[in-house]
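Protein chains in written order, with the working numbering: chain L, 270 to 793; chain B, 8 to 994.
These are calculated hints, taken from the structure and not from any lab test.
Ideal Cβ positions, reconstructed from N, Cα and C, are used throughout, including at glycine.
Just to be clear, a hint being listed does not mean it is correct.
[Stated by the list, open to error] The following residues of chain B were derived to be distant from chain L, with all beta-carbon distances above 12 Å:
#1 E84
#2 R191
#3 G201
#4 A222
#5 G461
#6 Q520
#7 R555
#8 H631
#9 L703
#10 A800
[What the hints assert, rightly or not] Computed Cβ-Cβ distance ranges for the label pairs, DEER-style:
#11 L695/L - E576/B: 48 to 56 Å
#12 M442/L - P48/B: 32 to 40 Å
#13 R57/B - V662/L: 14 to 22 Å
#14 E543/L - L608/B: 22 to 30 Å
#15 E543/L - L749/B: 16 to 24 Å
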Amino acid sequence: MNGALAIAPILIPLAAAAVQVLLGIRFRRFRTGLSFLSCLALVAVAALLMMSASRGEGATLVYSLGNWPARFAIVLVVDRLSALMLLLTAVLALAVLPYALGRWQRMGPHFQPLVQVLLVGYNGAFLTGDLFNLFVFFEVLLAASYGLALHGSGARRVGASLHYIAINLTASMLFLVGVGLIFGVTGTVNMAVLAHLIPDLTGTPRALMQAGAALLGLAFLIKAAVWPVGFWLPRTYSAAIPPVAALFAAMTKLGIYVILRLSLLLFGADAGPESAHFGSDWLLWLGIITLVVGSIGMLGARELGKLAAYSVLVSSGTLLGAVALHNPAVTAGALAYLVISVLGIAAFFLLTGLVVPREAPEGAAQLEPYDPAIDALFAAEDERRVASPAPVVILAVCFFACGLLLAGLPPLSGFLAKFALLAPMLDHGAGATALFALIITAGLCTVIAMARAGIQIFWADADWQFPHVEARETVSVVGLLGICLVLTFAVAAPWNYLAATARQIHAPAHYIHAVMGPAAETPP
Amino acid sequence: MGIAASAAGPEALAWIVRMMPYGWISTAILLLPFTVALATPLIGRGNRRRTTWLMTGTAGVCLVLATLLFPAIADGEVLRQTFAWAPGLGLEFTLRVDGLTWLFLILVSGIGLLVGIYATYYMPPEYPLVRFFSLLLGFMGAMLGIVLSGNVIQLVFFWELTSLFSFLLIGYWHHGKSARDAARTALIVTVTGGLCLLAGVLVLAHITGSYDVDAILAAGGRIRASPLYLPALVLILLGAFTKSAQVPFHFWLPQAMSAPTPVSAYLHSATMVKAGVFLLLRFWPVLAGTEPWFWIVGGVGLATMLVGAWAATFQHDMKAILAYSTISHLGLITMLAGLGSTLGVVAAIFHTVNHATFKASMFMAVGAVDHETGTRDLRRLGGLRHVMPITATLAVIAGAAMAGVPLLNGFLSKEMFFAVALGANHGLVLDTLTVLVAVAAAALGVTYSLRLVGGAFFGPLRHDYPREPHEPPRWMRFPIGILALACLAVGIFPAWVVGPLLRAAALSVLGPQLPPYNLALWHGLTMPMLMSVIAFVAGCVLYVLGRRRIAARDDAPLIGWTSALHGFERVLAFLTTTLPDLQQRVFPSRKLQVQLLLVVLLAGVFGFLAVQPPPAPVAMHGMHVDPAFALLWLLGIACAIGAATQAKFQRMAALILTAGTGLVVCITFVWLSAPDLAVTQLVVESITTVLLLLGLRWLPKRIRELAPLSPVARYHRVRDAVVAIGIGVGLASLAYAVMNHLVADSASRFYLEQALPGGGGRNVVNVILVDFRAMDTLGEITVLSVVALTVFALLWRFRPAAESIGAPRARGSTPGQAEPHTDRDPRAWADQLAIPGFLILLIAPVIALFALHLFLRGHDLPGGGFVAGISVTMTLIVLYMAAGARWVEARLKVAPARWIGAGLLLAIASGLAAVVLGDPFLTAYHGHWTLPVLGDVPYNSALLFDFGVFAVVSGASALMLVVLAHQSLRRVVPAPDAVRDAGEAES
C-alpha cells in the first residue's frame, strides 16, 4: 500500500481534472470542492511520503509502474528531495487556490482542471526516475501552463503566451534529441541505470552521451529561465493572471530540480574521473550571469508584474550557481532558499493582482460564443460575491513582507535561507566568491527595486485606487507569508531535513541501489 | 576609581548577584518591546493615553530591568543566555550582556522613555500615535537586539531590522516628497552597509569557525594574521560607516531630518547611528591595532569630524545643524576608536554617552521651538528666551555641552579626546594634523552651537512667527530637563555619576589593557586645557566675525563636492534606468526571433563543446542508398523548404507543401517496415492539415509582396541560413554517429523479446504504448486533452483581426470556412455542394467502421486507440464538412469534452484495477478464456486502457474541430471599431 502512495500525487489531480472536465459547467460547487479536496489530499500524501522518506538512509521508495523490471519499466522514486518538492508544490497550490476562486477563474473556461493537470505535471516530474517519462511530464506541465498562461485571453496574454509556447516547444525538441542520443548509446532511459553505466562509458559513446546530456541540460536551463535563454519569462509571467504566475513560481524551480537531481546522479563525484562535475563550470557562470541580468531587470522594472518576474530570474540564477558548486552544505542552503523563494515569489505575484487597479474591460470587437451552454458558464460563475475593501494596511504589510523575503532581510525566513546558502560558499574558488558577492548585491538590488515600488504604491499616491479585494485573496497571501514567518522560528527540524536531503542526493549510490537492487553491485 | 556601589555590603550584593535570574532579565528586555509593538495596534487603537503608556511603560520597564543587571557585569563579567535557534546551521540565539552592552541598554531604553514622553506631546493630534509608537517600540527592540547579540548573525539580523524601522519612521509623514526620498536614501545606504556587514561577519566566522561573539573575540590573533583579514575588516567597516553616517556615506543623515523630531532625537542622534560605533568598539579587540585599521578608521573619522563640523556651521535649518553636528561627533568617536590607543576607546565610550545626552536634549529643544513657532529656520527665529525661558535655559545647557564648555559632560570627553590626540604616535606630520583638526573641529563646534542657541533664543524677539510661541507643555520640557540635568551631573561629578559605568564598559572592551584615566573636572593647566581654550576662543571669534556672512550663504563653502548625495542619485538613476534600458536593447524580451536564435545557438555551442572526445569520422562505405528512396527524400526536403519560404506569402501553398513533407515521412516509415508509425503519421498528417485549413480563415491578411530588403534584413537572412544549416548538419552528424554506436543490450531488445510472452501482443509498438510504458501514454493523452481544452479556451471567445471579420470572398473550395453570418441562408451554398456532400455522407460510416477495426486489432497489428480515435474524428470532420455544424449537432450529440474526461477516468481506472489486485499501477493482465461456444478467446486488460486512449484522442481532436467549426456560426457583437471595419468590408 505504501508503494501505491507514490503514484497518488499523480493520480489524485489527474482524476480530479478528469471529473471536472467530464462535468463541464455543471455542479460548480462540487468542482470547486474537488479542487480543494485534491490539494488537501496532495498535501497529506506529500507529508506522508516525506515522513516515509526521512526514515533513515535506505528509505528511498521505488515503484515500478506496470510491474516490469525496474530497468525497462518506468519507475517512480520517492526520496527526500522529491518528497520535499511534492510538499512544496502541494502547499503552494492549496494556498493559491482560494485566491483564484473569485474573479480570476471566471476569466475563462476550464481553469480548475488546468491547475490540476499542472499539478500532475509537477508531481510526475518530481517523482519519475525515467528520462523519457520526465519528458512526458514536462509536456503535461507545459500543456497545462500554455492553457493557464492564456487564461483570461487579451492581446497581451496571447502575444506573450505564443512566445512562451514557441520557446518551450523548441526546448522540448532539444529534450527529445538529448534523450534520443542518450538512449542510443546507453540503451536505457532509466536514470539510475544511466548513473550506473556512465562511469564505464568511454570513447565516442561517452562523447555522444555528453552531447545528449548537454542538450537535455539546455532544455532544463530554458525551463529555469537562465540567461541567455530566459527572456521569455518576464513577459509571460507578467502577462499571466496573478494566481497563475504564482503557480508558475515553482516551474523554474522544476528546471533547477532536474539539474540538481541529474547533475549529482549522473555527473556527481562518483561518476568517474571523466564525467564527474560535467558542465558544472558552465552552470555556475550561467547562474551568475542570470543573477546579474535578473537584478538589473528588477531595478528597471516599471510595473509590478515585471518586478516579480525578474525576481524569479534572480532566484533562478542564485539556485543554479549554488547547485553548480556540488557541495552538500551549499546544496542544503540552496534548498532552503528554493522553498522560501517559491513561497515568497508566489505571495508577491498574488499581491500584484491586489495592489494594481483592475484591468479595464477591453473595448475591441467581441464575438459572442455560439454555444449557449458556454454563455451559461459565464452566467453561472458570475454571481458576484460581495467584495470588501481590504484595509490598505494589510496589503502594505504584505508587500513589505514580500520585499523582505525576496531581498533576504530579517526578520522573515528569507534571511536565514540566504545565510544558510552563503555561509558555506566561501572557500570554493573565484566563481563561488563571485556568486557570494553577487547574491548579496542582488539582495541590495531587490531592496532598491522593492522600496521604489512600495513607496510609489503605498506612500506617494494618497488617492491610489485599490481594487476591492476579496477576503479569500488576502487569505492566500497572508497564508503564504505566514508559512515563511513560521519558518523563521521553527528552524531546527526543517533544516535537519534539508541537510539530510542534501547529503542524500550527494551520495547517489543509495538512489542507484534502491532502483536497481542487487544489479547495482555488478559492473554493466 | 570605579568603585561599585556597595552600600548594602559586599556579601548581600554578592547574594543578590547570585540569585538574580539574569538570563531571563535579558530575555525579557529583548522580548518586551517587540511584544508590545505588535500588541499596540490592538490595545492602543484610538486611545492616545493608553498608547503613550504602552510606549513609556515598556521603555521604563526595560530601563529598570537593565539597571538590575549592572551588579552582574560591573567587574568585566559576561552574562550569557542561550536558546536553540538553528543548531544545524551552527546558530544559537545568544543574549550576551557585558559592560558595553549594558551602557547601550541604558541609553536605548532611557532615551526611549524620554522620547516616548516627548513625542506624546509633540506629535500633532491628527496623526495616529499607534503606528508611530508601534514602530518606535519595534526599533527599540531591534536596537536592544543589536547590543544584546552574542552571535554575529543575530547581530546582523537586528542590525537590518533597525535599518527597516528607520526607513518606516523617516517615511512616517510619507505625504511629503522629502520624507519619501529621505526614507529611500536612508534605507538603501544602511541596508547596503548591513549587507556588507553580513558578508564581513561571514568572512570573520569563516576565519574563526564560529559565529559566537565570545569565540570570535578570543581569536583576535588568528583573525589579524589571516589573509582574509582585510576583506573582513573592510566589509565590517562599511557596515559601521554607513550606519554611523561617516564620510562618504554621511549624506543620508541630514536628509533623514524629514522624520518627526522624536525620531531624529532617538534614532538619528542618540541610538541607531551609534550602532556603527558599537560595532567598532565590539570588535575593537580583534580588528584594531593594525595599519589598515588605523588608516581607514582614523582617516574616515578625521574627515567626517571636519566635514561635519564645517557643514554644520553653515546650515540655517536648526535640525540640519544638529544633523551635521551629529555626523561630526560620530566622526570624532570613530577617530578615537581608530587611533588604536586604549585611552581612545575609553574616550570613545565616554563621548558616546555624552553625545547621546546632549544631542537628544538639543533635538528635543529644537523640536519644541519648531512645535511652538512653526519654523526651524534660524534666519526667521530670534529672541525666544523671552517667551520660552525654561526651554531656552535647557537649550543653553545642552548647547554648552555640545560646544564643550566646562562643567558640562561634553567638556570632559573633549578633554579626553585632546589628550588622546596629543598622545598619538604615528609620525610628526600625522600627529600634528590630528591635533590641528581636533582643535579646528572643536572651534567649529563652538561656532555652530553659538549660532544655534544664540540665533534662536537670543537677540530681539520677533513677531512674525507662523504661530504665537509660548512655553511648550510641561511634559514636553520634562525629558529635555532630565537630559540637561544629566549633562550637568556628569560634567560636575563625573567620577560619581558615570565612573562605574564607564569603567565597566571600557573593561568589557579592553579587559586587562584598561589604561589609567582620570575622570576629574579639573586636571590642572595641561596641554588639553590649552587646546580647549584656543578652540573656545577661536569659535567665539568666528561666530562674532562671521555670523552675518554665514547667514547670507546658502550652503557650506569648499565642501560641496563631499556631499555625495548627488552622486548617489546619479548612481541610482544609472542603475534603475540606463542599465536596464541597455539590457533590454541587447536582449529584447519582446522579440521571439532573437530568443529563438539564442536558444538554437546555445544548443549548437553546447552540443559542440560536449562532444568530447570528438568521434572519429566513420567511413560511409558499405552503405548503399536506393536511388528511389533518395529521390523521395529530395522531394520531401524540397517540400519543407518550399513551405518555409511560402509560409509568409502563400499560406495555402505552404500548408500543402508541409503535407507533402509529412507524406514523404509516412512513406519512409513504410519503406523501413514500420507500418504502425506510418498509419499514425498518415492520420495525424491528415487531421493537422484539415484543422490548419479551418484555421487559415481567421488569420490576418497575408503580406502580398515583399519590400526591398534592407542591408540589416539581408544580414539577418544570411545569418539565419548559416545557423540553420549549421544546426542541421550538426544534428545529422550526431544522429549518424549515434546510429553507428547503438548498444546491443538495449531496452529495445527487451521490448521486442517480451512483447508477446510478457505483454500478450504481437504489435510491439502498441504493447509499449499500453503496457511497457503505459505511464508515458497516460501522460501524453493528458497533454492532448489539455491542449484541446486550451485551444477551446483560446477560440471560444476568439476575436479575429478586424480585417477578417467581414465576409470572405467567395472561396467555395472550403465550405467549412464560409459564412460567418448566420443571417444568410446556409442552403445557398449547400446546393452547390450537394453531390459531393452526399458522397461524403456515404463515406462517413465506412470510416467509422474502419476506426473500430483499427482499434480492435491494435494489440497485434498496426492500429490501436490513438489511430482509431483520430479516425473517428475524421468521420466527424467529414460530417461537419458535408452537412454543416448545425445539421450535425441537431442530429448527433457532440460533447467531446466529456469524452476526454471519461477517457482519462477509464485509463486511470484500468490502471488502478491492478492496485486493487495488489500489483503496481498500470499492471496489465492477459491470457485466454476458454468459453463454451467461442472456444479460446484471448483477453488483455490493456485493451481497457487503450479504450481510454481512444476516447481521449477522439474527444480532444473533435473538441478542436468543433470550436473551429463554431467560429463560422458566431454573431458579431458590434463594437464601435468593429462596426466601422465590418461596414467597410461589406461595402
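Each hint tested on the structure:
no.	hint	result
1	E84	29 Å, holds
2	R191	5 Å, violated
3	G201	8 Å, violated
4	A222	15 Å, holds
5	G461	38 Å, holds
6	Q520	31 Å, holds
7	R555	41 Å, holds
8	H631	22 Å, holds
9	L703	17 Å, holds
10	A800	5 Å, violated
11	L695/L - E576/B: 48 to 56 Å	34 Å, violated
12	M442/L - P48/B: 32 to 40 Å	56 Å, violated
13	R57/B - V662/L: 14 to 22 Å	20 Å, holds
14	E543/L - L608/B: 22 to 30 Å	27 Å, holds
15	E543/L - L749/B: 16 to 24 Å	21 Å, holds
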